[in-house]
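Participant: These are the residues of each chain, in order.
Number of protein chains: 2
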Amino acid sequence: MYRPTHFQLNERNAQLDFIRQNSFASLISCYQGQLEINQLPFLLDETGNYLLGHLAKNNSHWRQLEQADDLKVCFDGANAYISPNWYSDSKKNVPTWNFVSVQVSGKASLLSEVALIDLLDKLSQKHEAKFEIPWTIDKLSEQQLSAMSKAIIGIKVSIDKIEGKAKLSQNKNEVELKCLVDGLKMQKDFGSQQITQMMRELL
Amino acid sequence: MYRPTHFQLNERNAQLDFIRQNSFASLISCYQGQLEINQLPFLLDETGNYLLGHLAKNNSHWRQLEQADDLKVCFDGANAYISPNWYSDSKKNVPTWNFVSVQVSGKASLLSEVALIDLLDKLSQKHEAKFEIPWTIDKLSEQQLSAMSKAIIGIKVSIDKIEGKAKLSQNKNEVELKCLVDGLKMQKDFGSQQITQMMRELL
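Protein chains in written order, with the working numbering: chain G, 1299 to 1501; chain D, 1299 to 1501.
Chain G on its own, in the form it takes in the complex (with noise of 0.2 Å):
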């Protein structure tokens, strides 16, 4: 990934959190030459060092992740057009696009049925932590679980190395943020307001 000085996110906490909170994300691997790419939601297990995830066993791409040549998890946030106009000097500015994107390579292991349950489990209880009554996987009965856990495979990628990228104007001095701040929180779209609440966090 492209990462010019000022849009480098390299602080491993803030690269975490990021991951945490945008957990839906893209499983990029390249098997002899081809790509093959899928979306899932991937759980930071404890220790920050792995990223567990499950997929359909109808899914084949699980049978190539093992031998991959090259394998990518890319957890990318929101993104927002940003306007010449919002500068102070519509003149002296082009358009440019802003956006949160962290990648980690890995390399990915198939877990075990145990292991899988216990993901399931605690996918859950990420997921539903927000809720008044969460629902948790006990829901199940024991043949409703070993049938999905039958349906499912669950891996395991290695983060041997995790790049970020923040691009949010950063390269721009405080008046021009403010700005860029007030043209894009009057737009209505879902990436600009997320953008917005980022850039609002520089000021």
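For the record, the hints were derived by calculation from the structure and aren't laboratory data. Be a bit skeptical, because a hint or two may be false.
The list cannot tell twin chains apart, which means a pair is met if one copy fits it or any two copies do.
Stated by the list, open to error - Straight-line Cα separation of at most 20 Å, EDC-like style, residue types lysine to aspartate or glutamate; simulated pairs:
1) Lys1424 x Asp1487
2) Lys1390 x Asp1419
3) Lys1454 x Asp1315
4) Lys1483 x Asp1387
5) Lys1428 x Glu1411
Note that the structure is predicted; figures quoted are calculated from it, not measured.
Let chain G serve as the given structure and place chain D on it in line with the hints.
Facilitator: Using the frame of chain G, we list chain D on its own:
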């Protein structure tokens, strides 16, 4: 991309509309067993057969695009967690994730400087169309335009194959879909709000 029948988005116009509306995408290539991934806004050309974009010249990705063993452009929309508690019977359902994604496979070539300037003009026109007074490329002096076009490189990707996936609980009946929309619309995150809109359109 794993695409069970229920979730296939096969209609060409729907795929192209999705590309137009989610044009900030991931350019993913595999060259000599190594992945390279960058995000950039793409323009669908008038014929619907090509994607056009540009990279910083300092971004070495462009140097390997024409030789890539495989190349995809992935357009990802919103995504949202679906709680089993929202169905009429939470004991019969498991957590899942809804999302829409379109993957284009193709070959890349580099644009001439004339074609690049034309692209910059069209990209501005597209993204400025919503503003009362759109910024146009002729706001730049000849010197500025020349400096900018020398710092970037235009690319063209042939749309050789498109695969679309719209995972929006189409495998559930209308009663359940309504239950899911009722649950999802209460969630405050941007992804849930966007997926709610898309699922409402199914009803």
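Participant: Hint by hint, say whether it matches the structure.
Facilitator: Hint by hint, here is what the structure shows:
1. Lys1424 x Asp1487: between (27 Å within a copy, 15 Å between copies)
2. Lys1390 x Asp1419: This pair counts as between: shortest inter-copy Cα distance 16 Å, intra-copy 53 Å.
3. Lys1454 x Asp1315: For Lys1454 and Asp1315, the Cα distance is within 20 Å only inside one copy (19 Å; across copies 35 Å).
4. Lys1483 x Asp1387: The answer is within: 19 Å in one copy meets 20 Å, while 40 Å across copies does not.
5. Lys1428 x Glu1411: This pair counts as neither: shortest intra-copy Cα distance 27 Å, inter-copy 52 Å.
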